[in-house]
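Participant: Sequence:
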Amino acid sequence: MYILTGHNNHITIENQSGQHFQLNGELIRGGFIADPTSIQNWHKANEITPISQLEKDQIMTQIMQQTIHSPFKILFAEPGI
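Every number in this note's numbering is 244 more than the matching position in the sequence shown, counting from 1.
Please note that a few of the clues may not be correct.
Below are the EDC-like pairs computed for lysine to aspartate or glutamate, each with C-alpha atoms no more than 20 Å apart in a straight line [to be verified]:
(1) Lys288 <-> Glu270
(2) Lys317 <-> Glu270
(3) Lys317 <-> Glu291
(4) Lys300 <-> Glu322
(5) Lys317 <-> Glu258
(6) Lys300 <-> Glu258
(7) Lys288 <-> Glu322
(8) Lys317 <-> Asp301
(9) Lys300 <-> Asp279
No wet-lab data here; the hints were simulated from the structure.
Computed from a predicted model, the values in this text were never measured in an experiment.
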């Protein structure tokens, strides 16, 4: 489970370890369309940890599952759209 903090053009994703990253995208009625290319590094204090493709896929799946029954859904844009 992630802590999600929203703004109009990005959402901050934080894990249980206190690491975070900004998920860029666009706020729409009923949710947020996120840009999957913005998932690159975890940040914590002065540490930067790269996010692997496998972890990136897991993060996207978990975020979508976490918000699937919420009135505010987070979906990911298809590449090239």
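Participant: Compare the structure with each hint and give your call.
Facilitator: Hints and how they fare:
1. Restraint check: the Cα-Cα separation between Lys288 and Glu270 comes to about 25 Å, which exceeds 20 Å; the hinted pair is violated.
2. For the hint linking Lys317 to Glu270, the alpha-carbon distance of about 12 Å falls within 20 Å, and the restraint holds.
3. The straight-line distance between the Cα atoms of Lys317 and Glu291 is roughly 30 Å, outside the 20 Å bound, and the hint therefore fails.
4. With a C-alpha separation of about 14 Å, the suggested pairing of Lys300 with Glu322 holds against the 20 Å cut-off.
5. Distance check on the hinted pair: Lys317 and Glu258 sit about 17 Å apart at the alpha-carbon level, within 20 Å; holds.
6. At roughly 14 Å between alpha-carbon atoms, Lys300 and Glu258 fall within 20 Å of each other, so this suggested pair holds.
7. For the suggested pair Lys288 and Glu322, the alpha carbons sit about 28 Å apart, so the restraint of at most 20 Å is broken.
8. A C-alpha spacing of about 17 Å is found between Lys317 and Asp301, which places the hinted pair at or below 20 Å, so the restraint holds.
9. With a CA separation close to 12 Å, the supplied pair Lys300 and Asp279 stays within the 20 Å bound.
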